[in-house]
Structures are given as C-alpha cells and as structure tokens.
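S.K.: Below, each chain spelled out in residue letters.
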Amino acid sequence: MYSFLFYLILEILGVLFLVMSFSIIIIYLVIMVLSALEMRDHRRKNRFIDYNDIITSPIAPGVSILAPAYNEGKSIVQNVKSLLSLHYGRTEVIIINDGSKDETLDRLIEAFDLKKTHFAFRPEITTKSVRGIYKSMNRSYSKLIVIDKENGGKADALNAGINISSLEILACIDVDCILSQDAIARMVRPFMEETNRKVIAVGGVIGIANNCDVTDGTVTNYRIPKSLFGRFQVIEYFRAFLMGRMAWTRINGLMLISGAFGFFRRELVVTVGGYFPKTVGEDMELVVRMRRYMEEKKIPYRVSFIPDPLCWTEVPEDEEILSKQRNRWIRGSIETLQLHQKVRLNPSYGIMGLVSYPYWSLFEKMAPVLETLGLLYTIVLIAIGDFSAFYFVVLFFVMYLLTILVSSFSILYEQISFNNYKDRKDLNRLILTILIEPFLVHPKIVWWGLLGHWDFIKGKGGWGQMIRVGFKKSEDKKNLESTFTS
Amino acid sequence: MKTAKQKLLGLLCVLMMGSQLSLAQEKTYFSDSVSFFDFLTNQEQVPGLGFRFILPSDAKFVPADTLIWKKWESGFWLGTALDSVSQITQFQAQLDSSTSYITRFEYLIYDKAVDLEAASEFVSALLRSNDIFPLEKAKSSSQELVLLAQDFPFVPGFNIGFGYFSDFKIFMISLIISIFILIAGSMIFFMIIFKSKRNRRELLRKEIAKSITTPLAEILFNKTLAEVKSTSDEELESYFPRQHRDRKLYNEVLIENIISLNKKMKGDFKDKLKELYKRLGLDKISESKVTSKKWDTVVSGLVQINEMDLEQYLPLVKRHLNSSNFHIRTNAAATLLNLSQEVDLSFLKNQKYPLSNWQQMNYLRIIKYLYPTRKLLMVELFDSDNLSVRLFGYKLVRMVGRVDLVEKIGLIADTAADEEKVEILKTIDSLGVPGYTNLINLSMRSTNPKLSKQAIKVAGSLGDKSSEEVILELLKSGSNFQIKMALMEGLKNLNLESLENLVVTSQDPEEKEIYNHLTDPLLSHV
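Taken in sequence, the protein lines are chains A and B. The opening residue of the first sequence carries number 0 in numbering that gives the first Met the number 0; numbering runs sequentially from there. The opening residue of the second sequence carries number 0 in numbering that gives the first Met the number 0; numbering runs sequentially from there.
Worth flagging that the hints you see were computed from the coordinates, not collected in a lab. Since the structure is predicted, the reported quantities are computational estimates derived from the model, not experimental observations. Check the hints yourself; a few may be wrong.
What the hints assert, rightly or not - Taking lysine to any residue and the SDA-like style, the derived pairs with C-alpha atoms no more than 25 Å apart in a straight line are:
#1 A/Lys80 to A/Cys211
#2 B/Lys351 to B/Tyr312
#3 A/Lys443 to A/Val368
#4 B/Lys317 to A/Asp49
#5 B/Lys292 to A/Glu192
#6 A/Lys73 to A/Arg106
#7 A/Lys197 to B/Ser322
#8 B/Lys425 to A/Glu266
#9 B/Lys491 to A/Phe118
#10 B/Lys317 to A/Lys443
#11 A/Lys323 to A/Val368
#12 B/Lys269 to B/Lys293
#13 B/Lys483 to A/Asn162
#14 B/Lys196 to A/Leu426
#15 A/Lys142 to B/Met360
#16 B/Lys293 to A/Asn45
#17 B/Lys194 to A/Val32
#18 B/Lys483 to A/Val129
#19 A/Lys44 to B/Lys196
#20 B/Lys288 to B/Asp308
#21 A/Lys115 to B/Lys511
#22 B/Lys449 to A/Glu474
#23 B/Lys348 to A/Glu192
#24 B/Lys194 to A/Arg222
#25 B/Lys194 to A/Phe47
#26 A/Lys100 to A/Gln324
#27 B/Lys196 to A/Asp425
#28 B/Lys263 to A/Gln180
#29 B/Lys367 to A/Asn45
#30 B/Lys194 to A/Lys457
#31 A/Lys424 to A/Leu227
#32 A/Lys114 to A/Ser128
#33 B/Lys277 to B/Glu310
Unchecked claim - Interface residues of chain B toward chain A, partial, derived using beta-carbon atoms under 7 Å:
#34 Phe179
#35 Lys194
#36 Tyr352
#37 Ser355
#38 Asn356
#39 Trp357
#40 Phe480
Every residue gets a Cβ at the ideal spot worked out from N, C-alpha and C, and that includes glycine.
Please model the complete structure; the sequences and the hints are all you need to start from.
M.R.: Here you go:
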C-alpha cells in the first residue's frame, strides 16, 4: 500500500516537473515573441520623435528627482552635480540623506553652499523624523533640495522625499546611477502620450557600468565586466530588461519597476500611501499596490517601459555582496506576493491577477524551491533504481538549450536594438558566459534564492505577521496600524 | 478554478500515461485454457500461482492419505497446494491409480482459490509487467515455431513499425523539443539574417549618401531656382541615374538627405530643394506612403509631406485626422496646421480621442511658430464636446497671449467643470486680466482642493479687498495644512501687512511655521 502511494507520488511529481519544464519553454518563447513585437513598435515610434521639444515645453510635466543617499560621502557631490545637469526644464532634485554616518551631509553643505531652511510641510506619508531641509544660497543650484533625516531605510527616505516634492512626476533613482542627459525627457514621454488610459508608472533599463568609460555622466565606451559574475549580470540584465519587461509591457502586465530608475505619478503614489518601508522589495510592492488601486477603482491605466539605455549602475561582482542582493530580491518578491495575495488568480485584477501574479509566484518566487525539488526528485529516482537516463538527458538537454537560446536571443536583441557592445571579443566572452553560466553561476543563484526563502520563513527583515496577512485593499498601507490591529 | 486545474492535470496524466495503459490492458496472452496450460507446462512454475485437487465429501482414504487431503467446511476434501505443473502430473497419476472418485481441479493465487479466467489474467499481468518471461521451449522445429507463434496474440504492425511513437511520453517530449528548437532557432536565425541585412543596408546607405552629396551640392550652390525648374530630365539623370532611382533604398536615402538639408537651410535653398523633390518624383513616394496600411509608413509619409510643404496632398492628410492610431492622427494634425494658409484648429473640435499632452505640446510648438504670420482660428475649441480639447483651448489662450479671448472663457467659467475652471484661472492669472474677482472668490471656497488652491494663487495676484476677506475667513475656518499654506501665500502676495497682523495675533503654531517658510529668502524661489 505504502509502496503504491510512494510510486504514485513519484509518478505525479514526474508529470508535474514535465509540465513545468514545458511551461517554461512555452513561456520563454512567448516572451521572446512579445518582446520582439514591443521593441519593434518602440523603435518605430522613436523614429518620429524629437525629444528636444519636451525639455522646454510648458505643457511637459514637472519632475521631482528623488535620490536617497546613505554613506555616499565619497561620490555624493559628483553624483548630485550630474543630476543637476540633466536636460529637462521643470525639475527639482531632492537628495535625502538617510541618517548617513559618514560625511555625506557635510560634503553636500560645503559643495553646494547649503543652508538649513524653514521649510514648512505636513507629511502626507509617515516617515522617520526629518532633521532639516537645506537649500543652496547659490541660485545656480536653486533646483536642489537636501533633506536630512533619521535613518529609516531606502523606502522611508523616498517617502520623505515624496512629502517634500511638489511636481507631478516622481523620478525615484539610486544616487549613484549614471543618467543619460535626455533620460528624463524620454521617460516622461509615456506620461505625456496617455489618452484613454492613465500612465501610472514608467520603468527604464538599467545598464551595467562596470568596466565602461563614462564621460560627462554618459557611458561612452561599453566594455563587459571582467569577472564571471559581472558578465553573467550583463546577460541577466539583457534578459530581464530587454526581454522580460518588454514582453510584460506588451500585455500591460508589468509588476516590477527597478528601484534604481523608476518614474511614478506623484498624486497616485501619495494616494496609495507611498513606499512600504517594511519590505525589502519596496519597488515591486509599490507598483503592485498602485496597480491594485487602479483596478479596485476601475480606472483604465498602463504601466509603461522604455528600453532605451538611459541609466547605468555598478553591479556587485563580489560573491558575498551578490548573494546578499539575490537574497534580498527573493525576499522582496515573496513579501510583495504575500502582501498582495488577494490579487492571486482574481479576475477582478485583470492581467495582473490572472497572469503576472501567478507567473511571479511560480516562476520567480518558487523557482529556487522547484529547481531544488527537481534535483531531489532525480536523486530519489536514482536511489530507487527507477531513474530514466533517457528522460533525464533529454530534459536536461532541453533546459540547457533553452537557457542558451534565450540568452543568445537577448544578446542578439541588444545588438539589433542598441549595439552597445561593439568589440567582437566582448561578444565572444558573453557567449562563453552563456555556455558556462548554467553550471557555474546558476546553482549559486538557486542556493541564494533558497537562503532568501529560509530567511523569509525566519522572519528576517520583514514585518512578520503583517506581511503574512497581506493588504486587503490597496489603500490599507495608509492606515497600517488600524488595518492590522482591527 | 481548482476544478479546472484538476481537470487539466487529469487530462495531462491521461495524455502522458493513459494511452500506454489502455493499450497494455487490451493485450491478451492466452486464447483458451489449452494455450494457458501449455504455457504453464512449459513454464513449469509461476510465482504466486498454485494448484489444488478437490475430491467429493464421501471419498474414503487410508489414514496416511489424510496428511495430503483435508476435510473442508463444505465437506469436500482439498488436496495439498502444488506449485509446479510436474507436481500436478505426478499427483494426477497417483490419484488415477488409487481412487475412482471424480476429481476437480482449481487454481490458487497466493493460496486463494480462483477460476481459470482469473488465473489466466494473473499470469498475463505478470507477463505484461515483465515480472515473468516465457521460457523458450527446449525443442523447436520450424513446425513448432509456427505453432508457438500462434500462441502469441495478434499485435498490430504499427506498434512495431512506429514503436517510437507508441511511447506517448517520448513522443510528446520530442514534439515539444522539436517545436521549441524550430521556433527559437528560426527566431535567432531570423535575427541574424536581419542584423546582417541591416549592416549591409547601413553600408549601402552610407555609399548612397556619399554618391548623392556631390550632385545635391552642385544643384544647390551652382543653380538658381529657375535653372532647377528648367533642368532637363537628361541632366537630372546625369546627377541621379535612373537605374539608381528605381531602387527603394536609393530613394529613401535621397528623401532623408533632402529633408535633412531642408531643415537646416533657409530661403532660396529651401525652394530649390522642394523643386528638386518634386522633379525627382519623390513627392509621389510620399503620397503613396500616406495611403499605406502600415502605420509607421503612413507617419513617415506625413512627416515628408510636412517637411517638404506638399500642400497638394492636404486632402490625403485630412483623412487621417481622426485615425485610431495615435501617431498617425498626431502627425496628420501637425501637417495640416503647418501647411494650411491659416492656423485653423476647428478640426480638433470634433476630435473623438482625448488630446494627450504630447499632442498638445506638438501643436503648441507649431502654433507658436506660425501664429505671428498666420491667422489663428481657435474659438471653436471652446465648444468641443471633448474636454481635453476645451482644456487645450484655454491653455492656448494663455500660451499665445490671446487676451481678446479671456472674456469669452471667463463667461464659460461660470458653467464649466472644476477642471476647466482651474485652466481658465491659470490663463487669467498668466495674462493678468483683472475683473474676475467673483470667479476667483467663488472658486476659493470650492471643496475641490485643486480648484481652491489655484483660485487662492490667482487671488494673490489678481484679487482685491473682497478676496483678502475670503482668504482671512477661510483661514479662520481652519483648513488643512496645504490649503492653509496656499491661503497664507495668497495673502502675502495680496497684502503682506495683513499676513503679518494675522501671524502676530495667531495662536496657531502652524501659521507661524508657514509664515517662516514664506518669508525665508531661500525658499522664495522653490
């Protein structure tokens, strides 16, 4: 009897893994097609657009650039100068010093001739205490506002910036990101093009700046990073930004806009209560909450994405830092999905409820767990002598081929769309990385993902009970205490 | 949803395993009891299968035989269990010699009595699951082989010939792999072809651009407009050979270069380029593009008509004004505005789709450029059923400085929606037209915070004593922080002294805080 059950479970698991594997194949093929169509349309649209008009037009919306800084003393002055030099008419640059322990604030005060002001405001979003708001005495820096506040994390710092901001669009960026001069003009375009559907947020591509030449705040010469982890991330970013997010944009199912470079409609961000500081995935959580709000209010909307290379950042090449980052990412996904479990397979939430959420749950959140289970399953089969070498080899071959094909496609995709990496040697190295990545890097990524799951179970970082319960409505974040105590 | 998922899983399970199982269950090894017993004889023993003889209840034995025979509850005598065919034969022989009773015989599966059919099915199942294998007969002649073959049930030929496909799992895997490799491979192949084609195309473009630079420069700098007009076809062909002009790419590059030069040049040069454009028949290409089914080709044609001032194609352009494609209708409208004798915006009045900020920005740029030299007809915008068009109309009044229209929009404001009032107030404020105190004061009391804040702002610059009173009254009534700040700012602009008096006598710390903010010189230009 037990033996029968055991074999039945094995058989069912076998079928499930088979179905999963083929689902992945089909999903990736669909992603490839959808992203290609979206990229084609984007390139066609771009042929007829002159971005110079936006920079000076009185009709273009104002943009508040929010950049939280924590212990950025070494580079903060250069970074802020770079932000102040962006080509766009109506902007304000808000730097939020999130209780840095180094000389970040002093350097800013010195470099920009800052003075504490009597800035009066009542926070629309609750944050840690603001110690002071600084403005420059030099009129050349009149766009600059510096907030000094107690440390509360990135989300809290952004919320403080949102409270002070006064313009229609919020550009939330990492202060160390390098932005192209026309980045704002290009990112603002979808907001300006909206007609029947409100554009609530626009995401952008993050390029990898490791080993590249940067001149006047723009990457002038692209070179791939020297380390394997660096090169792996180049391919991973191609896959994620040029393929994944483009495909999701095509069906208006985008649930994640990178925290390093995202544009949001301020009014809506305030309405839903700003960033949720108790999750490590605050960027994804905000987008999901904004989308939920629009769905719950039945307002037609769109989350847009611009694939042009406009923002670059240094990615971690050190294994320890990378592992922490991946651990954080997976926990962020779990927490966000947990907070918004009401969306799961709920037709009231449209594409997000029926497609995006299940996809994220199964293929992003659960990926490390399922992959590990698959491995254990194979070991069990070997142990009981019921292992089919044929199926294993075939499935392994298919999956390996899939990885190579998808990655190659993403490189080719980049080459056709932007052609940034021109050196043939760089391309060869990227191709080599594609071939070895599944053996040398991917197992580590899976392992770090598993650790992320474990850390979530232990309750690390998150807001335990609250995240488990989740938001009943998108606006619940505004009344956190009452929501979860009632 | 769960049921659907279960159904799906069930279906997949059936797809993966069902077919194989059902095929297997239909396979019968023994056609009758003779073939079954023959098999057993050859096999000698089958694990789990036993045999037993039964004698009637009145049978008599010598005492020693009672060790072999046991009396059963039903009265019958049951023989000891046998597990091989040779034992059966031996037992039968003994029985035949010692008794005259009629014996019965039965099969046992794990000591449980069953009939022939069950025993036969049991052995068949063992054969199917490969738990036992038929033993080869010791002797075999060609005749026996034929007989042996008859023992095996008929199996359709395709099961052997297409054995690969009979394994459903392998078939499915192979199918999906093939489809996957085919699609992914084709996509990559297509992209590689596309990339190499594009690279070749880019090289060719460069070559074409190089080859047309000299003739273009010659025509532009060495010929007058009249000479360009009178240039013979032969001469034109010497500059731009016919065989090249039959090529699509050549024409494309030619169009791009002429348009690019047209943008940079002025006066006579522009006229020469336009003349040349027509003489080379490039306007016909632009015309054909506008009638294309591809939206980007249509837009490209519209841009060319716009850039080269091809007024004769305006009727074609007008067809696209209400296109469902955003880019087509945007460019059609821009082209119409640019090429018409007067800047007539009446076409926007019946615009079905909301006017985006992007479109407004484009139209505003063109209008601002043309307005000093051409008549601007925009009154009809205020009567549009489309809210976004009306809002654009109010914006336009302030952006082109049409003070003469303020009175008209001031009248509209009385019955307009809050969103329109905000825009009208902005226009009145921007143009500094006095006489709208009533509208301002009423709007300040609005419950719509956007309208209220805008009116307070305008009151600061255009309000009067009555506005000041409204502001003070609203401040006393206790507003939220944002409105309070706007009110105090408005009061500061209207009458600083009044604000100072208010703060001196106020017990509200918020008002003092706001006052400090408003009087902070560093924050005056936020």
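S.K.: It remains to establish, for every hint, whether it holds in the given structure.
M.R.: Hints, one by one, checked against the model:
1. Distance hint between A/Lys80 and A/Cys211 is fulfilled; the C-alpha atoms sit about 20 Å from each other, no more than 25 Å.
2. For the proposed pair B/Lys351 and B/Tyr312, the alpha carbon gap of about 23 Å is at most 25 Å, so the pair holds.
3. As the CA atoms of A/Lys443 and A/Val368 are separated by approximately 13 Å, the hinted pair is consistent with the 25 Å bound.
4. With a C-alpha separation of about 23 Å, the suggested pair B/Lys317 and A/Asp49 falls inside the 25 Å cut-off, and the hint holds.
5. In summary, the hint linking B/Lys292 to A/Glu192 is supported, as the alpha carbons are separated by about 23 Å, within the 25 Å threshold.
6. Under the criterion of a C-alpha separation no larger than 25 Å, the hint pairing A/Lys73 with A/Arg106 is consistent with the structure, at around 9 Å.
7. Restraint check for A/Lys197 and B/Ser322: satisfied, since their Cα atoms lie roughly 20 Å apart, inside the 25 Å limit.
8. About 20 Å separates the Cα atoms of B/Lys425 and A/Glu266, which keeps this hinted pair within 25 Å; it holds.
9. For the proposed pair B/Lys491 and A/Phe118, the alpha carbon gap of about 16 Å is at most 25 Å, so the pair holds.
10. With a CA separation close to 60 Å, the supplied pair B/Lys317 and A/Lys443 exceeds the 25 Å bound.
11. Restraint check: the Cα-Cα separation between A/Lys323 and A/Val368 comes to about 18 Å, which is no more than 25 Å; the hinted pair holds.
12. For the given pair, B/Lys269 sits about 29 Å from B/Lys293 by alpha-carbon distance, which is inconsistent with the 25 Å threshold.
13. The straight-line distance between the Cα atoms of B/Lys483 and A/Asn162 is roughly 16 Å, inside the 25 Å bound, and the hint therefore holds.
14. Distance check on the hinted pair: B/Lys196 and A/Leu426 sit about 19 Å apart at the alpha-carbon level, within 25 Å; holds.
15. Of the pairs offered as hints, the one joining A/Lys142 and B/Met360 holds, with about 24 Å between alpha carbons and a cut-off of 25 Å not exceeded.
16. Of the pairs offered as hints, the one joining B/Lys293 and A/Asn45 holds, with about 16 Å between alpha carbons and a cut-off of 25 Å not exceeded.
17. Pair hint B/Lys194 plus A/Val32 holds up; C-alpha atoms about 17 Å apart against a cutoff of 25 Å.
18. For the given pair, B/Lys483 sits about 21 Å from A/Val129 by alpha-carbon distance, which is consistent with the 25 Å threshold.
19. With a C-alpha separation of about 21 Å, the suggested pair A/Lys44 and B/Lys196 falls inside the 25 Å cut-off, and the hint holds.
20. For a cut-off of 25 Å, the pair hint linking B/Lys288 to B/Asp308 stands: about 16 Å separates their Cα positions.
21. For the hint pairing A/Lys115 with B/Lys511, the CA-to-CA distance comes to about 17 Å; that is within 25 Å, so the pair holds.
22. Between B/Lys449 and A/Glu474 the alpha-carbon distance is near 21 Å, which keeps this suggested pair within the 25 Å criterion.
23. At roughly 19 Å between alpha-carbon atoms, B/Lys348 and A/Glu192 fall within 25 Å of each other, so this suggested pair holds.
24. Taken as a hint, the B/Lys194 and A/Arg222 pair is honoured in the structure, with Cα atoms around 21 Å apart against an allowance of 25 Å.
25. For the given pair, B/Lys194 sits about 22 Å from A/Phe47 by alpha-carbon distance, which is consistent with the 25 Å threshold.
26. Using a Cα cut-off of 25 Å, the hinted pair A/Lys100 and A/Gln324 holds, with the two alpha carbons roughly 22 Å apart.
27. Of the pairs offered as hints, the one joining B/Lys196 and A/Asp425 holds, with about 22 Å between alpha carbons and a cut-off of 25 Å not exceeded.
28. At roughly 24 Å between alpha-carbon atoms, B/Lys263 and A/Gln180 fall within 25 Å of each other, so this suggested pair holds.
29. Distance restraint check for B/Lys367 and A/Asn45: the Cα-Cα separation of roughly 24 Å lies within the 25 Å cut-off, and the hinted pair is therefore satisfied.
30. Our distance criterion of 25 Å between C-alpha atoms is broken by B/Lys194 and A/Lys457, whose separation comes to about 50 Å.
31. A hinted pair counts as satisfied when its Cα atoms are at most 25 Å apart, and A/Lys424 with A/Leu227 qualifies at roughly 15 Å.
32. Note on A/Lys114 and A/Ser128: the hinted pairing holds, with a Cα-Cα distance of about 19 Å set against a maximum of 25 Å.
33. Between B/Lys277 and B/Glu310 the alpha-carbon distance is near 12 Å, which keeps this suggested pair within the 25 Å criterion.
34. Checking B/Phe179 against chain A by beta carbon gives a least distance of about 5 Å; that is within 7 Å, so the hint holds.
35. Nearest Cβ of chain A to the Cβ of B/Lys194: about 5 Å, under the 7 Å cut. The hint holds.
36. Among the interface hints, the one on B/Tyr352 holds; its C-beta lies about 6 Å from the nearest C-beta in chain A, closer than the 7 Å criterion.
37. Look at B/Ser355: its Cβ gets to within about 5 Å of chain A, closer than 7 Å, so that hint holds up.
38. Restraint check, B/Asn356 versus chain A: the minimum CB separation of about 4 Å is within 7 Å; hint holds.
39. Because the beta carbon of B/Trp357 sits about 4 Å from the nearest beta carbon in chain A, less than 7 Å, this interface hint is met.
40. For the restraint placing B/Phe480 at the interface with chain A, the shortest Cβ-Cβ distance is roughly 4 Å, inside the 7 Å limit, so the hint holds.
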